[in-house]
Amino acid sequence: MPINQTLSWGRYPKASHFRVHKPAWNDQLPDILEAAAPGSLLPYGLGRSYGDSCLNAGRELIDCRRLNRILGFDESTGMLRCECGVSLSDIIDLFLPRGWFLPVTPGTRFVTVGGAIANDVHGKNQHCAGTFGAHVFQIGLHRSNDGLVICNSEDNSDLLRATIGGLGLTGVIAWADIRLKRVAGPWIDAESIPFRSLNAFLDLSHESKDRFEYTVAWLDCFSGKKTRGIFFRGKHSAGHGRKFHPKRGPTLPFALPSWMLNPYSAKVFNACYYRIHSARKGAALIPYDYFFYPLDSIRQWNLLYGRQGFLQYQCVMPEANLEAFEELLERIARSGMGSFLGVLKQFGSAPPAGMLSFPRPGITIALDFAIRGERTFQLMQSLDEIVRESGGALYPAKDARMSSHLFEASFPHWRSFVPYIDPKISSSFWRRVTAGQ
Amino acid sequence: MKMAVTEPSPVTGRAATAPNAMREIIILGATSGIAMEVQRQLARQQCKLLLVARSPERLADLQTDLMAQGAQQVFIYSADLACVQQHTAIFEFTRTVLPDFDTVLLAYGSMHDQRESEASVDVLLEELQINFVSAAAILTLFAADLERRRTGCLAAITSVAGDRGRRSNYVYGSAKGALSLFLQGLRSRLHPAGVRVITIKPGPVRTAMTDHLPNSARFADPKEVARSIVRALERRSPDVLYTPRHWRYIMAAVRQIPETIFKRLSS
Numbered sequence: 001m002p003i004n005q006t007l008s009w010g011r012y013p014k015a016s017h018f019r020v021h022k023p024a025w026n027d028q029l030p031d032i033l034e035a036a037a038p039g040s041l042l043p044y045g046l047g048r049s050y051g052d053s054c055l056n057a058g059r060e061l062i063d064c065r066r067l068n069r070i071l072g073f074d075e076s077t078g079m080l081r082c083e084c085g086v087s088l089s090d091i092i093d094l095f096l097p098r099g100w101f102l103p104v105t106p107g108t109r110f111v112t113v114g115g116a117i118a119n120d121v122h123g124k125n126q127h128c129a130g131t132f133g134a135h136v137f138q139i140g141l142h143r144s145n146d147g148l149v150i151c152n153s154e155d156n157s158d159l160l161r162a163t164i165g166g167l168g169l170t171g172v173i174a175w176a177d178i179r180l181k182r183v184a185g186p187w188i189d190a191e192s193i194p195f196r197s198l199n200a201f202l203d204l205s206h207e208s209k210d211r212f213e214y215t216v217a218w219l220d221c222f223s224g225k226k227t228r229g230i231f232f233r234g235k236h237s238a239g240h241g242r243k244f245h246p247k248r249g250p251t252l253p254f255a256l257p258s259w260m261l262n263p264y265s266a267k268v269f270n271a272c273y274y275r276i277h278s279a280r281k282g283a284a285l286i287p288y289d290y291f292f293y294p295l296d297s298i299r300q301w302n303l304l305y306g307r308q309g310f311l312q313y314q315c316v317m318p319e320a321n322l323e324a325f326e327e328l329l330e331r332i333a334r335s336g337m338g339s340f341l342g343v344l345k346q347f348g349s350a351p352p353a354g355m356l357s358f359p360r361p362g363i364t365i366a367l368d369f370a371i372r373g374e375r376t377f378q379l380m381q382s383l384d385e386i387v388r389e390s391g392g393a394l395y396p397a398k399d400a401r402m403s404s405h406l407f408e409a410s411f412p413h414w415r416s417f418v419p420y421i422d423p424k425i426s427s428s429f430w431r432r433v434t435a436g437q
Numbered sequence: 438m439k440m441a442v443t444e445p446s447p448v449t450g451r452a453a454t455a456p457n458a459m460r461e462i463i464i465l466g467a468t469s470g471i472a473m474e475v476q477r478q479l480a481r482q483q484c485k486l487l488l489v490a491r492s493p494e495r496l497a498d499l500q501t502d503l504m505a506q507g508a509q510q511v512f513i514y515s516a517d518l519a520c521v522q523q524h525t526a527i528f529e530f531t532r533t534v535l536p537d538f539d540t541v542l543l544a545y546g547s548m549h550d551q552r553e554s555e556a557s558v559d560v561l562l563e564e565l566q567i568n569f570v571s572a573a574a575i576l577t578l579f580a581a582d583l584e585r586r587r588t589g590c591l592a593a594i595t596s597v598a599g600d601r602g603r604r605s606n607y608v609y610g611s612a613k614g615a616l617s618l619f620l621q622g623l624r625s626r627l628h629p630a631g632v633r634v635i636t637i638k639p640g641p642v643r644t645a646m647t648d649h650l651p652n653s654a655r656f657a658d659p660k661e662v663a664r665s666i667v668r669a670l671e672r673r674s675p676d677v678l679y680t681p682r683h684w685r686y687i688m689a690a691v692r693q694i695p696e697t698i699f700k701r702l703s704s
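Residue numbers (this note's numbering), protein chains in the order written: chain A, 1 to 437; chain B, 438 to 704.
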């Protein structure tokens, strides 16, 4: 019996799959769906979800990466129709030279369009452009029980809203219509500003949100109550910097030994990062990939965290509860378990595009934690309590361990999503967070 | 909504690839895994393409995609290449839309489970028909045209499996091996006319054709294989292209094993 180990980006949990289908054409999907047992399938893209939302342990996956064709582009409106396995990187490579860019992009370009819709991903422009799903006008969705269903704002609009952020559970996306946006070129007018308190961060956020399309901050997760970080903001530029060739950085060949990442090395890294960026503060004209995808320059950076993998913790908490947020940071700092990349962003109040969309007004923070046995999970649980009490939520795309209670608290309306799930589809994540409910 | 495929209009950034000698290419078996990657790379070089394959729907999807990727023109023709009776019509269509074509890439093939062709002569004959008989037939048509015009390049994808008969896939291997021999002779015949003939021998490649084989995750990336094929089509290249390259040395070694030993090896 073939057993395929397919990992998510966090390399935890280690899931084995009974079978991986690799359709190369949309016309193969109806047969795959029809032949499957109830709850046995899950569409899979580039595996950039951190936890188990892209896994289906002991069951089957549909690897959609060969479904990667462009099916149409309207130069007058920027409307792109593509299959679900097209990656955001493919779209940039093809359309940025013609003056078009993604309406919303997450921190990596190596996700598929299907994955971006299924997780309703957000980016540095969430405060003004909303999530990826807000720019999806129409999809064709393969369903096991009613064939190819066209969903847009007029027909099957509820199924469209369920599929956006629906974690791949509502069917397999055949194609999607996404409106790209016009940009002047591949350059970004960027500014970086050091800050030394949470209030200073919020002031910067408020002040920038109308003037800058993109805002995000890096946070030193060892700084605790004496918060420090660097605020980055930018907008597309009509200017031309020095000619640049997108360069392919090194690839981490294997998982680093886990002792290399320890509280000391992480602290030193964070201190240096802060120093370097405070010294470089100010405005600059930089290439888009340096601004949006700094981590993509190291292929397989997830191997940095060692063989056991890592957890990413991304929550959002209401701004009114700033003390709770500070308490969260304090606990992380005290644990000494945080690592390099604390990412902070203030979400705007755009209405959610999907039923299970994660972004909502408040502050969101994302942090990586190398898995160091039980104590890592205990820390996460103590953070969960703060998030739940403050009325916050956890991001399913990053999660491998939240309890069903926290899921319910994060997505109180999840039960109204259930009728839209395709009976042939399920995921490790979904079984975990809905167990016993 | 109206979805129009428009000509690329360069605005910023990447400069268009410089036009090269290879402009008009016919791909026989356009929906095969390797062919699709080759076509993409050719489209980015703004070539004109004629795609031949069975399914009209799949061809239409490919056409749209390749136009978006930058191809200058993409023609499609739906036919069953295994059926020799359809070859004349394919050839006539080619002469109508791309009379000055300069390259033909034969990329179709079939790999049944070997045990099926051991059990059924029909399956065996079908396998030989697709991989060798029909391939030799259609190459003969195109060869005559290129020979008359004294230009161009004929390339066909055979396989390293054709270098030595093995227990586990000698049916596929013998058909591909026969095709390699056919190309060898054709090369010699067309050499005086200045027509290049390239035998492409890929090792195992990660495509739909090999998904059912064990260890298929470790096979070569079709993108890399396609890159070496496109390079071979563009410039002076070895007559026989092994891709990835190390297969040249592996197969050189495998061919040296004496038959008395080889027949006892289990693969």
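These aren't lab readings, by the way, just hints derived from the structure by calculation.
Hints are supplied without guarantee of correctness; some may be wrong.
Unchecked claim - Chain A is faced by these chain B residues, among others (derived, beta-carbon under 10 Å):
(1) T468
(2) S492
(3) D498
(4) L499
(5) D502
(6) L503
(7) M504
(8) A505
(9) Q506
(10) G507
(11) D537
(12) D539
(13) K638
(14) P641
(15) A645
Cβ atoms here follow ideal geometry from the backbone N, Cα and C, with glycine treated the same way.
Against the structure, the hints come out as follows:
no.: 1; hint: T468; verdict: holds (8 Å)
no.: 2; hint: S492; verdict: holds (8 Å)
no.: 3; hint: D498; verdict: holds (6 Å)
no.: 4; hint: L499; verdict: holds (7 Å)
no.: 5; hint: D502; verdict: holds (4 Å)
no.: 6; hint: L503; verdict: holds (9 Å)
no.: 7; hint: M504; verdict: holds (9 Å)
no.: 8; hint: A505; verdict: holds (4 Å)
no.: 9; hint: Q506; verdict: holds (7 Å)
no.: 10; hint: G507; verdict: holds (8 Å)
no.: 11; hint: D537; verdict: violated (28 Å)
no.: 12; hint: D539; verdict: violated (26 Å)
no.: 13; hint: K638; verdict: violated (23 Å)
no.: 14; hint: P641; verdict: violated (15 Å)
no.: 15; hint: A645; verdict: holds (5 Å)
The earlier numbered hints that this structure contradicts are 11, 12, 13 and 14.
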